[in-house]
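Just so you know, the protein sequences line up as chains A and B, in that order.
So the first sequence is residues 1 to 78, counted in our numbering.
So the second sequence is residues 1 to 672, counted in our numbering.
No lab work stands behind these hints: they were computed from the structure.
Watch out, some of these pointers could steer you wrong.
Claimed, not checked - Lysine-lysine pairs mimicking BS3-like chemistry, simulated, CA-CA at most 25 Å apart:
| hint | chain 1 | residue 1 | chain 2 | residue 2 |
| --- | --- | --- | --- | --- |
| 1 | A | K21 | B | K478 |
| 2 | A | K21 | B | K252 |
| 3 | B | K643 | B | K478 |
| 4 | B | K154 | B | K43 |
| 5 | B | K276 | A | K12 |
| 6 | B | K260 | B | K121 |
| 7 | B | K214 | A | K21 |
| 8 | B | K129 | B | K264 |
| 9 | B | K502 | A | K25 |
| 10 | B | K270 | A | K12 |
| 11 | B | K158 | B | K4 |
| 12 | A | K12 | B | K279 |
| 13 | A | K25 | B | K483 |
| 14 | B | K266 | A | K74 |
| 15 | A | K21 | B | K175 |
| 16 | B | K279 | A | K5 |
| 17 | B | K215 | A | K21 |
| 18 | B | K175 | A | K25 |
| 19 | B | K214 | A | K12 |
| 20 | B | K252 | A | K74 |
| 21 | B | K502 | B | K513 |
| 22 | A | K25 | B | K390 |
| 23 | B | K483 | A | K21 |
| 24 | A | K12 | B | K259 |
| 25 | B | K45 | B | K154 |
As the list claims (entries may be wrong) - Restraint ranges, calculated between C-beta atoms of paired labels, are given here:
| hint | chain 1 | residue 1 | chain 2 | residue 2 | range |
| --- | --- | --- | --- | --- | --- |
| 26 | A | M1 | B | T480 | 35 to 45 Å |
| 27 | A | G48 | B | K169 | 40 to 50 Å |
| 28 | A | G48 | B | V650 | 30 to 40 Å |
| 29 | B | G667 | A | L47 | 28 to 38 Å |
| 30 | B | K270 | A | G48 | 44 to 54 Å |
| 31 | A | K5 | B | A2 | 46 to 56 Å |
None of the values given here were measured: they were computed from a predicted structure.
Yeah, the Cβ is synthetic: ideal placement off N, Cα and C, and Gly gets one too.
So the chains spell out like this:
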Amino acid sequence: MATLKNLRPGEKGIVTQIETKGALKRRLIDMGITPGVEIMVRKVAPLGDPIEINLRGYELTIRNTEAHSIHIIKNDKK
Amino acid sequence: MAHKMALAGNPNCGKTTLFNVLTGSNQYVGNWPGVTVQKKVGKTKVGHSEIVDLPGIYSLSPYTMEEIVTRDYIIDENPEVIINIIDGTNLERNLYLTVQLMELGRPMVIAVNMMDDVEQKGWKLDCNKLAVELGIPVVPITARRGYNVDQVLKKAEKLAHGKEYCIPKIVYDTKTQNALNDILFIISEKHYDKAIPLQFFAGKLLEGDEQAAKKLDLSKNQMARIEEIIVAYEGTAEYGDRETMLADARYKYIEQVAKKSLNKGKDANKLTVSDKIDKIVTNRFLAIPIFLLMMLGMFLLTFGPIGTVLSDWVDYLFQGLLAPGVKLLLDNASAPDWAYGLFLDAIIGGVSGILVFLPQITILFLCLSLLEDSGYMARAAFIMDRLLRKLGLSGKSFIPMLMGFGCTTPAVMAARALDNEKDRKLTMMLTPFMSCGARLPIYALFAELFFEKNQGLIVFTMYILGIVVAIITGVVLKNTLFKGNVAPFVMELPQYRLPLLKSILLHVWEKVKGFIIKAGTIIFAMSILVWVFQNFNTSFQMVTDADQSMLGQFGAWIAPIFIPLGFGTWQASVALLTGLIAKESVVSTITVLFAGGSQAALSSALAGAFTPLSAFAFMAFSLLYMPCISAFVTIRKEMGSMKWALGTAVMQTGIAYFVGLLIYQIGSLFIH
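Go ahead and model the full structure; you've got the sequences and the hints to work with.
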């Protein structure tokens, strides 16, 4: 299963599932990471973690561990 | 008639700007740019309604302290109108909170902010259509330019008078709507009274918010029926879970609304100026050098020639103009000797000893405000997260830490922005190690006297020492007291914005005002008190030798504690003690005690009492020991526990003693 972690900067994916629990999950979905939303990975921080993503027209940063729990389908179309 | 209105919105949507425009700058209550830590109240310029500025939040789900403050206020305090401010350039996410607020069914007006940015992007945002789709009055504004903000107030007042209506039109998908209706039906059996927003609570129950369930106090039977509805609802989705499904339903509705009212045109993916800046500032290779350069620039500006020259001017104002003037007055009035001591040494000496640092503190606050208002602070958190995590902190701790260089009190409050309790506590414990503005005078005084050639370097060393001690303490605490899971890190990177001069000046003025008031009250009073205690003995007789004074005797009693650190004089001990009231007092106390307030006599008096090594140890101790009373009280309030606050203070003082001891003892081995 591909996760957000598998995307390189500039690549896009569509969220299928969020595999975390509790407060973190609520925060992620509140911020707009819901099934069906398209996310683009914009950047990896200079020290390799966290990453910057773009969704719903704004920029969000999450850590690699969180990115790893967000399942996606790769979206190769431009 | 005056009305009660609540201002709610996402962080970074310009809420505080709107608040300031609506209420006028004088309503500004202790707040740091970007961090509205508590609700603030202001009266509007026209109409005299009362506006409450609530902390910026993303959602009404209980997650951070800010969200709980806002939610409780809106639900329990019944504001007559909610002014919901949203960022027009970030419509979808901002509308999420809007939808939750709509569920509350309260009169609401939406102010779509940043309309200038929307236009600049070439987008077409039809606010009339947005209003029709949502069923809520919408006013397009640009808060920073004051454009159309009066309309917001007019609409809000109309709503409060019942001359305009707000009939929220939320349209979820059928299965969600049905589940909500079924729950609504069950809870309305018990709560038919309209004061409780049932629609909102139906949503909360469907989501699984335990606090909401408790608040409604439902029977076992009712709970069971609701549980059935939820199980059936979850069964309809592939990735069945109620929280995601409801959020998804909200966002689906939002997408529809956004699609109908916002046209991004063809160039939707064009790089904005903000994107271009970000390409450089958070670049893989450039980010860290740029970050370090910015920090260096900030310190050079504050402690370099500009700050020093301005400080000299202030010094001249007091010692060169005011003091001779007062002396002349006293001469003419043929005042007694003690009056000279009290006015010249205690009052002018003590207060000016502090105010000379006003320019440097102003510059430091100016830099911090600029970093915050421009959006760079969030990038700094992004760049530094990995590093800070090694200390058991998160990138978000970076903001309070950096603010700690200004003043510990607001910095500790800024820790509220952290989501996780452990992170928050640890951040609050380490923030006081960041050398606050009030400690700077101590270094400046000693560095000038004892390290004339390397003044800058010595002051810089102090700042670094604070950081290093914080790092070591962080690592130790992370592996002992705060062992366990790492907290998550989910943070918005707001668009870069050109900081508004007016709002920057407002923030800086707030802080500077606080500093001046402190100098005029606490420091003023402390200077007099110290002078009195230093000049009188226990039977209230004036003494010629300060050693015989009350302060001298008390100081002599505690001084031995500091002998191993090299500064076991009673004056130094008393100065550290007054530093607990405010760190600024250390310098004014030293000025009064060692030299009777005269700047000229100060250097020779201090040269007799300190060696460069013991001066260095004294600076280090001043840096690290427990923060001033105001910061301590804040830590106690934020931690919600006296035990934790005291523990923190004891830990800090212990570390200060230990570091001072190390410096003096090891240093003594090399310097004879």
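Now for the hints, and whether the structure bears them out:
1. A/K21 with B/K478: Roughly 24 Å separates the two Cα atoms, so the pair holds.
2. A/K21 with B/K252: 22 Å, holds
3. B/K643 with B/K478: 19 Å, holds
4. B/K154 with B/K43: Given that 25 Å is the threshold and the Cα spacing comes to 15 Å, the pair holds.
5. B/K276 with A/K12: 20 Å, holds
6. B/K260 with B/K121: Status holds; Cα separation ~18 Å.
7. B/K214 with A/K21: 21 Å, holds
8. B/K129 with B/K264: 15 Å, holds
9. B/K502 with A/K25: 39 Å, violated
10. B/K270 with A/K12: 16 Å, holds
11. B/K158 with B/K4: 13 Å, holds
12. A/K12 with B/K279: 18 Å, holds
13. A/K25 with B/K483: 22 Å, holds
14. B/K266 with A/K74: 24 Å, holds
15. A/K21 with B/K175: 24 Å, holds
16. B/K279 with A/K5: 21 Å, holds
17. B/K215 with A/K21: 24 Å, holds
18. B/K175 with A/K25: Holds, because 22 Å separates the two Cα atoms, which is no more than 25 Å.
19. B/K214 with A/K12: 42 Å, violated
20. B/K252 with A/K74: It holds: about 21 Å lies between the C-alpha atoms, which stays within 25 Å.
21. B/K502 with B/K513: With a Cα-Cα distance of about 16 Å, the restraint between B/K502 and B/K513 holds, given a limit of 25 Å.
22. A/K25 with B/K390: 23 Å, holds
23. B/K483 with A/K21: 21 Å, holds
24. A/K12 with B/K259: 21 Å, holds
25. B/K45 with B/K154: 12 Å, holds
26. A/M1 with B/T480: 35 to 45 Å: 37 Å, holds
27. A/G48 with B/K169: 40 to 50 Å: 46 Å, holds
28. A/G48 with B/V650: 30 to 40 Å: 38 Å, holds
29. B/G667 with A/L47: 28 to 38 Å: 35 Å, holds
30. B/K270 with A/G48: 44 to 54 Å: 29 Å, violated
31. A/K5 with B/A2: 46 to 56 Å: 54 Å, holds
Violated hints, in rising order: 9, 19, 30; the structure is consistent with all others.
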